[in-house]
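Undergrad: Protein chains in written order, with my numbering: chain X, 1 to 305; chain E, 1 to 365.
Careful: at least some of the hints might be erroneous.
What the hints assert, rightly or not - Distance condition first, Cα-Cα at most 35 Å in a straight line; then the derived DSBU-like pairs of lysine-lysine:
(1) E:K70 x E:K260
(2) E:K107 x X:K196
(3) E:K102 x E:K47
(4) X:K134 x E:K107
(5) X:K127 x X:K196
(6) E:K102 x X:K134
(7) E:K70 x X:K127
(8) X:K127 x X:K208
(9) E:K47 x E:K107
(10) X:K127 x E:K276
(11) X:K208 x E:K107
(12) E:K276 x E:K260
(13) E:K276 x X:K134
(14) E:K265 x X:K127
Simulated from the structure, these hints should not be mistaken for laboratory data.
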Amino acid sequence: MIQLEHLSKEYNGIRAVNDLSAGIPDGEIFGLLGPNGSGKSTTILMLVGLIEPTTGRCLVNGLDVARDPITVKQQIGYMPEDVGFYPTLSAEENLTYFGRLYGMDTRTIARRCSDLLPLVGLEGVTKNIGGYSKGMRQRLGLAKALLNEPSVIILDEPTANLDPQGVADYRRIIRDVAREGKSVVVASHILEEVSKVSTSVGILSAGKLVAQGSWKDLAQDLSARSSSHVTIHVETQDAMPEFNHADLISIDYDRDRHGAVLVARSDIRDDLAGYLAQNGVRLRGLSREELSLEETFLSYYHVAG
Amino acid sequence: MAGRRLFTIAEKEFFDHARSRKFLLIFGILLVVAIVGMIGGITEYNKNLADYNRVQSASSSDGNGFMPEKPSILGVFSSVATYLVFVGGILGIAMGFDLVSKEKESKSLKILLSHPVYRDEVINGKALGGIIALGCALGVVLFIALATLLIYGIVPDGNELVLIAVFGGVSFLLIFSYFAIALFMSTAMDESGSALIYTIIIFIVLSVLIPTLANDTVIENVIGSQPELPQELLDQMQKPANSTGSSAGMGVMNGLANNKEAWNKFTGRMQAYWEKRQMIHDTLALFSPTMNYETITSSVTYRTSGSGMGGGGAIAVSSFTMSKKQDTSVEDLLGKIAGNMIALLLFPAVFFGLAYMQFMRLDVR
C-alpha cells in the first residue's frame with residue numbers, strides 16, 4: 001500500500017513535483033504517465049527514499065519513507081531508469097551483494113538467484129555485467145527489484161531497452177507479482193506500455209497530477225476528449241506567426257516555423273485562416289484530423305501546462 | 001545490523017581492490033622497489049658495519065678514544081622510504097580516485113542507495129575496504145622487508161622492531177593521505193577522469209611544490225641572506241698572532257673575547273635568522289604529507305634527534321641549527337616526531353571528513 005500525501009519537491013526554487021497526492025492499494029499496478037521532465041522520476045526517487053520531499057510525505061505500508069528509510073527500503077524493490085550494476089561482477093555476484101545488504105542469508109540469496117535469473121531470461125549467463133547489453137541489464141534490474149520479495153515494486157521506465165520478448169516477459173512477471181497482492185508502480189512516458197500493464201493510472205504534467213483513476217475511467221474520459229478535440233495541421237509559405245485562441249489547447253510549431261500542429265476544443269480552422277491572411281501569411285495547407293490516443297494524452301499535459 | 005552492512009560494503013570494496021589490475025600492478029611495483037631498496041640498504045649497512053668494526057678494533061688497540069656510531073638496522077629502510085614516497089602516493093591515488101565517481105558513472109550508486117543502507121555506511125565501508133587493502137599491501141611489504149633482513153642474517157632488537165613498526169605506520173598514513181584526497185575528489189567530481197586529474201594536481205602541489213617552496217634557496221630569497229659578520233669582528237679575526245707568541249687561533253679568540261658584546265649580538269641575530277628559516281620550513285612542511293613522512297622516516301631510519309615539527313632529521317635546513325647526529329632513545333624520538341605524526345594523521349582525517357560530508361549531501365538524481 002502506497003500513500004502520497006501533498007508531495008512537493010523543489011530544486012533551486014523550481015518545483016519539480018507540486019502537491020501530489022495519490023493512493024495505490026495492494027495488488028494494483030499503478031502507471032505513472034508523463035512527458036520527460038514532468039516529475040515522474042523525482043516522485044519515484046522520493047518514494048524510494050533517495051531524495052527527501054520539500055513538503056508532504058510518502059507512506060509505504062503506513063511507514064514514512066523519510067523517517068524510517070531503512071525499514072521502508074526493506075519492503076521496496078526498485079529498478080531505476082538507467083539501471084546500473086557492478087561491471088566486474090557477474091549477475092549472481094551482483095544479486096548476492098545486494099541480497100546481503102537486505103540482510104538475506106546465503107541460502108535464501110542462492111534460492112532467489114536460481115528462481116529469478118531464469119525468470120528474466122538470464123539463466124546460465126556467467127559473464128560479468130560489463131559484457132551485458134542494455135536489455136540484459138534491464139532484465140537483471142527486474143530480477144534485482146524482486147530479489148528481496150518486496151511488497152512494493154517501483155519500476156522507472158522498465159521497458160526502455162527491452163526487445164519484444166523481454167517486454168512480454170516483463171508484463172507477465174509484473175501481472176503475476178500484482179496477483180500476489182503486491183503494489184507495483186510503473187513510471188513511463190510510453191503510453192502504450194503503461195496502458196498494457198497498469199490497472200490504474202496517474203498523469204503527471206509539470207509536476208502536477210492532472211488526472212488519476214482506473215484505466216477504465218480514464219479511457220472513457222479520453223474517448224470523450226477524443227470526440228470533442230481536433231487536431232489541425234497548418235502549412236504556410238511564410239513564417240508562422242504566434243497564434244492565440246480561446247479554444248486552443250496546444251500549438252507545436254515546426255522547427256523552421258513554416259507550419260504547426262494545433263490541438264483545439266473546436267474546429268478553429270476558419271479563425272486561423274483569417275488570422276493568417278490578416279498577417280499576410282500565405283497558406284499551403286490546412287487540414288483536420290481526429291485525436292489519437294497519444295494526442296489526447298498530450299492534451300492532458302498541455303491543459304496542465 | 002548496521003555493522004554487518006558496513007562490513008558487507010567494506011568486504012566488497014576490499015575484494016574489488018584485490019582483484020583490480022591497477023592495484024595489483026602498482027602493488028607489484030611497490031614490492032619490487034621495496035625488495036631492491038632493502039637489498040641496497042642491507043649492502044650499505046653491512047659495509048658500514050664492517051667499517052665500524054674495523055675502526056672499533058683499531059681504536060681499542062691504539063688506545064684512541066674516538067668511537068664512531070654503530071650503524072642502525074633502520075638505515076636499511078631509508079631507501080625503501082625514498083621509493084615509498086612516490087610509489088605509495090600513486091598507489092593511494094589509484095585506489096581512491098574512482099571509488100565513488102565510478103559508481104556515479106555506472107549508475108550503480110543510485111541502485112546501491114536504494115537498498116537498506118545509510119549513506120555513512122556506504123562511504124565508511126568504502127574507506128574501510130580501502131584501509132584494509134592498503135594495510136594488507138603494506139603488511140606484505142613490511143613482512144618481505146623483515147624476511148629480507150633475516151635472510152641476510154640481520155636480526156632487529158626490540159627497539160628496532162618498534163621503529164620498524166613506526167616506519168610501517170607512517171608509511172600507511174602517507175598512502176592513506178593520498179587515498180583520502182583521491183576519495184574526496186572522487187566524491188566531489190562526476191567523472192573519474194576529472195577526479196584523477198585534480199588528485200594528481202594536489203599530489204604535485206603537496207609532494208613537489210611545497211617541498212620546493214620549503215627549499216633553502218627559495219626561503220633565502222624570501223627572507224634574505226644570513227647576517228654577515230660585522231667588520232669589527234672580521235678585523236679581529238684577520239689580525240695576525242700577537243707578539244706574545246700565541247697561535248693565530250688564540251689571537252682570534254682573544255680578539256672576540258675583547259668584543260664579546262658585538263659577538264653575542266651577531267650570534268643572536270644569526271640564531272634568530274636560522275630559527276626564522278626553520279620556522280618557515282617547518283610550517284610549510286606541515287602542509288605536505290610527503291615532507292612530514294620524509295621528516296619522520298629520516299628521523300626513524302637514522303635515529304637522529306629531530307628539531308621538532310617538520311624540521312627533524314636529515315632535512316633540517318641549516319647546519320647552524322641542525323642537531324648533531326646522535327643516538328636517541330625510542331621514546332625521545334617518538335616525542336620529537338609526534339608533531340609530524342599528528343600532521344600526517346590530520347591529512348587523511350580532514351580529507352576523509354570532506355569526502356564524508358560531500359557524500360552525505362550527494363545528489364543521486
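Undergrad: Indicate, hint by hint, whether the structure satisfies it.
TA: Taking the hints in turn, this is what the structure says about them:
1. Straight-line distance between C-alpha atoms of K70 (chain E) and K260 (chain E) comes to about 39 Å, which puts the hinted pair past the 35 Å bound.
2. Distance check on the hinted pair: K107 (chain E) and K196 (chain X) sit about 28 Å apart at the alpha-carbon level, within 35 Å; holds.
3. Restraint check for K102 (chain E) and K47 (chain E): the C-alpha separation of about 50 Å exceeds 35 Å, so the hint is violated.
4. Among the hinted pairs, K134 (chain X) with K107 (chain E) is consistent with the structure: their alpha-carbon atoms are about 13 Å apart, no more than 35 Å.
5. Using a Cα cut-off of 35 Å, the hinted pair K127 (chain X) and K196 (chain X) holds, with the two alpha carbons roughly 33 Å apart.
6. The hinted pair formed by K102 (chain E) and K134 (chain X) meets the criterion: a straight-line CA distance of about 18 Å does not exceed 35 Å.
7. A hinted pair counts as satisfied when its Cα atoms are at most 35 Å apart, and K70 (chain E) with K127 (chain X) does not qualify at roughly 60 Å.
8. For the hint linking K127 (chain X) to K208 (chain X), the alpha-carbon distance of about 43 Å lies beyond 35 Å, and the restraint is violated.
9. Taking the CA atoms of K47 (chain E) and K107 (chain E), the gap is near 58 Å; set against the 35 Å cutoff, the hint is violated.
10. This hinted pair does not check out: K127 (chain X) and K276 (chain E) have alpha carbons roughly 63 Å apart, beyond 35 Å.
11. Between the alpha carbons of K208 (chain X) and K107 (chain E) the distance comes to roughly 27 Å, so the proposed pair stays at or under 35 Å and holds.
12. For the suggested pair K276 (chain E) and K260 (chain E), the alpha carbons sit about 24 Å apart, so the restraint of at most 35 Å is met.
13. Proposed proximity of K276 (chain E) and K134 (chain X) is contradicted: the alpha carbons are some 64 Å apart, above 35 Å.
14. For the proposed pair K265 (chain E) and K127 (chain X), the alpha carbon gap of about 79 Å is over 35 Å, so the pair is violated.
Hint compliance for this structure: hints 1, 3, 7, 8, 9, 10, 13 and 14 are not met, and every other hint is.
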